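At position 8 of the sequence shown the residue is numbered 8 (our numbering), and the sequence of numbers has no breaks.
Some hints here could point you the wrong way.
Unchecked claim - Computed beta-carbon distance windows for the label pairs: (1) S44 - Q93: 41 to 49 Å; (2) V19 - E43: 30 to 38 Å; (3) V25 - F4: 30 to 38 Å; (4) L22 - G96: 39 to 47 Å; (5) Q41 - R77: 17 to 25 Å; (6) G40 - G96: 26 to 34 Å; (7) S42 - S6: 50 to 58 Å; (8) R36 - L13: 45 to 53 Å; (9) N95 - E43: 33 to 41 Å; (10) V25 - A86: 58 to 66 Å.
Don't read these hints as lab results, they were simulated from the structure.
Given the structure is predicted, the values throughout are model-derived calculations rather than measurements.
C-beta atoms are modelled at their ideal positions from N, C-alpha and C, and glycine is treated no differently.
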Amino acid sequence: MPEFASSTIVILLSSLLGVLLLIFVVLVGISRNLARMARGQSESQSREEPPVGSPSAAETSAGGAFETFLREDPSRRKLPKAEQFAAYRKWRQENGLNWTNS
């Protein structure tokens, strides 16, 4: 009987040791992932550039850039809405008001 009890204890202790080792490996992996994520966030925050220059007169004028666009050529008001917006997009591109131009 004592031999049976001692072999059972050895099996239980080795199983417990294996489970603890597995838990330790999982925790180390989680901590590495968290450290990598934190490092990535700090790098992305340091890469952000502040906006360059001040907004143009078209962007800050009363009514905004679209009103400035319409005031430059009153005949644009008579265009159908779809044509107005197509011309407005082209005007913004030409004047450097789109984000893709920066």
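Now the hints, each set against the structure:
1. Range check, S44 to Q93: about 29 Å between beta-carbon atoms, so the 41 to 49 Å window is missed.
2. At roughly 37 Å, the beta-carbon separation of V19 and E43 lies within the given 30 to 38 Å, and the hint holds.
3. The beta-carbon spacing between V25 and F4, approximately 32 Å, falls within the hinted interval of 30 to 38 Å.
4. The hinted range of 39 to 47 Å is not satisfied by L22 and G96, whose Cβ atoms lie roughly 59 Å apart.
5. For the hinted restraint 17 to 25 Å between Q41 and R77, the CB-CB distance of approximately 48 Å leaves it violated.
6. Take G40 and G96: their Cβ atoms lie about 32 Å apart, and the range 26 to 34 Å holds.
7. Checked against the hint of 50 to 58 Å, the pair S42 and S6 passes, with Cβ atoms roughly 54 Å apart.
8. Here the CB-CB span from R36 to L13 is close to 35 Å, at odds with the stated 45 to 53 Å.
9. Look at N95 against E43: about 34 Å separates their beta carbons, and that is inside 33 to 41 Å.
10. Taken as a hint, the range 58 to 66 Å holds for the pair V25 and A86, whose Cβ atoms sit roughly 60 Å apart.
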